[in-house]
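In the order they appear, the protein sequences are chains W and Y.
Letter by letter, the first sequence follows residues 1 to 200 in this note's numbering.
Letter by letter, the second sequence follows residues 1 to 687 in this note's numbering.
Quick caveat, the hints were computed from the structure, so don't treat them as lab data.
Do not rely on the hints blindly, as some may be mistaken.
Label pairs and their in silico Cβ distance ranges [stated by the list, open to error]:
1) Y:Asn289 - W:Ala191: 51 to 61 Å
2) Y:Ala218 - W:Ile45: 35 to 45 Å
3) Y:Val51 - W:Pro97: 29 to 39 Å
4) Y:Asn84 - W:Lys44: 29 to 39 Å
5) W:Lys44 - Y:Lys483: 52 to 62 Å
6) Y:Lys133 - W:His143: 20 to 30 Å
7) Y:Ala6 - W:Lys43: 37 to 47 Å
8) W:Asp32 - Y:Leu338: 36 to 46 Å
9) Y:Val253 - W:Leu48: 32 to 42 Å
Some chain W residues well away from chain Y (every beta-carbon gap over 10 Å; in silico) [what the hints assert, rightly or not]:
10) Thr3
11) Ile4
12) Ser5
13) Asp7
14) Lys10
15) Asp32
16) Gln33
17) Asp34
18) Gln35
19) Leu36
20) Ala37
21) Gly38
22) Cys156
23) Lys157
24) Ala183
Note that the coordinates shown come from a computational prediction; the quantities given were computed from them, not determined experimentally.
Beta carbons are placed, not taken as given, at the ideal position from N, Cα and C, and that holds for glycine.
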Amino acid sequence: MGTISWDEFKAFAQSFLTVSDEINDGWAWQGDQDQLAGAFIAKKIKQLLRKQRSLPAEDETDPFEDTSCQTEDNHIAEELNGSQQECTWEYHILYSPSYATPVLFFNVFTSDGHLVPLESLWKGGTQGALQHLRWEALSQQEHPVLRRPYYYLHPCKTAELLNLHQGSSTNPIVTWLSSMGPAIGLHLDIAYGHLVQNQR
Amino acid sequence: MTDDSALKYSPFSSHVDPSFWHKLSQIKLDIDKLDEKVHPVWGSYTNVNTVGLPSLHVDCTSYNSKFEELRYQLPAFGCQLNLNTLESYKSSDKTILLEKQGASLWADIANGSVLKNPALLSRFFLLTFGDLKKYTFYYWFAFLAPSTPNVQIIKPPALISTIFSSAQVESLQSEWSNIVDVYQRSYFIVKIQGDQAKIFPLSDIVSIFKAQCEEQWAEFYLAFADPCSSGDAPGWPLRNLLCVLAHYCPHVVGKKINVLSLRLVLKSHGQVNAADKSLLMSVQLLPHNETELKWVGWERNNRGKFGPRFVDVSGDMDPKKRAESAVHLNLKLMKWRLLPEMDLDTVQNTRCLLMGAGTLGCTVARLLMGWGVQHITFVDNGTVSFSNPVRQSLFTFEDCLSGGRPKAEAAAEALKLIFPGVITSGVTLNIPMPGHPVGDSMLKETQDAVATLEKLVEDHDVVFMLTDSRESRWLPTLLAGAKKKLAMNAALGFDTYLVMRHGVFCDDETPPDFNARSIPGRHLGCYFCNDVTAPGNSMADRTLDQQCTVTRPGVSAVAGALVVELMVSVLQHPSKGDAPAVLHKSTGKEDQESVGCLLGTVPHSIRGFLASWDQLTPATHRFSNCIACSEKVLKEYASRGFDFIRDVLNSAVYLEDLTGLTSLHKETENADVWEFSDSEEEENNSE
Ligand SMILES: [Zn+2]
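The following block holds chain W by itself, in its conformation from the complex:
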């Protein structure tokens, strides 16, 4: 037990999105919902990092600098966050047909579209939560829908976890995400709580 069907997944995800829309949490469907496991819900979070060595090094020399483009323009306000590097965390909740559970894919990338290796995030301690991540469940794999590399938390433990909460949970996506999410910086708003409690 602890498993759900694709249709159930879609229904649970939809009620999850309803709450997200109410609180402007930013989750949205992507992909083709008519196809088994062909759609997922996604969210992006922008995060400011202090510049770090572990992040992609900047070019030391700049043979391309083009001063001719520097038309006198004194209408540019000074950047407030110039010393900060921005990272985007992208979270996808998919359905795993083989495990019949939700599965979490994620990536972290800088503003030039370069994926940040997990190791450097881990070392930098930018996401403190990463340190107590259940490493055994983490791996990198091609995204089943997008066909690009993503990190993902292996669903091998998910059914077990959902089984534990069965009866108390009316939306397994919420139960599971509130347990797995914090490890990768994804904290659910308390507003989602009513999705798992309203049966009482």
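Starting from the known structure of chain W, fit chain Y with the ligand onto it as the hints suggest.
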């Protein structure tokens, strides 16, 4: 010109989603090919819940014909020019390119298009060059804006709540949210009437600002969705909006204009109005000459210079690099989670020489790759035969055709197919064997073979002996011993196996302590130490039965796995090849732990018996009369080199005389015969 009252704008900063590079590569390879095409591309930005710099995003949907409408995302119209070469990138005239884009934006302003579709004012240009073989991109965004009109601040930006009532602010937010057409959401006009905020489309600009007297538009605000989240400076879009005003209502120049920058913070448990962070200000346009309009907006790169940005996404896109990082990530996860002290680098940088590319060689090579070993060389003299592929995991039926491919070469090629990051090669070579006399005709070839093997052993860190005859292990054992390399041995019987590490000698003269509970690596024996017969031509002596004997198919997989794991345990021990082996298993657990490594004990040898499913881990001392590793033999090789080897090849008895084994020779029967073969070809020396 730079006085405090001059209005300044927060520039956009570009954000590229990884999917944009994937899509760009695909379009270049499949559609554009060698054309240097200009593509219309969508950008998106938002004035809702923004964090950090005001950013303009592109991703894979940028190439869609229709703008991908996501909640609160506003469209920006872009043009991308993708150049073919770095040279054309360097030599392209950026000023002319920008002027051309500017002319197009100006046309949209002048012909009224922007009044019907205000989103056309959010405009960018993107110049790219991608090296699709290296997965690197140069890219440069320009967020188009006219250099004039200059604008003076009359009333500095203030939070909306200091001027509007909270009812008005609330009304503003809900009115704005009710705008259905996404293209009308970025630029508009706001009027305050009582408690209400009313929104007018930009197309009303002429009728609203046609009055000659500023009092008549005092209740109106020229408004825009501001991608900037903090600070007093309004975002970049205002620049183009003021230019539109100057064009359509030139008489407003010098008069007071109210401006509203709409910034929304939508939070689940917010007590405040979502639009509370919005700004109000009053400005005054200075006269300018439209015919002399210049265009600006090139983005500074990460170092604050006017130049392209560079990104290397090979780690994300190059399949070979992805394979490498995935393999290493798997190992790192094991390290992080289970064995933080694990020294993966040593394992991965260990260069492994595999004598034999048969069942054992194939299994060992695959498992070494599993540990991330990057450097694997095969030595084998055989060709792939039809019986091989089912047992030898690196070969397929195809390899057997036309007489069969050389095994060493085929195995190396198979490794590269499995994992292109591996550094591997195959050397086809007959390993010279004691008791296999070298005639004059073979002298040169044998000499070359010995020289090649010497060089190979020199160039590797670990020598694996995985051949199917005892004799073929003699020379590699001697060479590994002489060059102080770690030698790993695996040999198979029908349902038995022997896996062992040879002692790694050092110049330490301390005699072994035969009463100690463990034996340091330097005093451990080799494969031949327990044998009291010199290797003769056992192939000739074998009965047909023995030559054709096959092993149980699983035996080689078990032994191959153990020999790799034993090597890894040796490498994880702080003393490496000198790691002590516990003499008796009965020794206390503490003893075992005190001499082991983080993976556990490091035995000398492992003997397994499938019939009884037993496994033993005996350790034995180096035998002072050993025909392969004793001091006498090593010294003889050191002083006479190939001449010594030739004497051994020509006569096995020579070794027995040298080491003093002759006297022992006939007294003992060697009960253990480990040299069974699963290959039917006699000349095929791999197991
Ligand atoms: Zn020996």
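Can you give the numbers of the hints that this structure goes against, from lowest to highest? none
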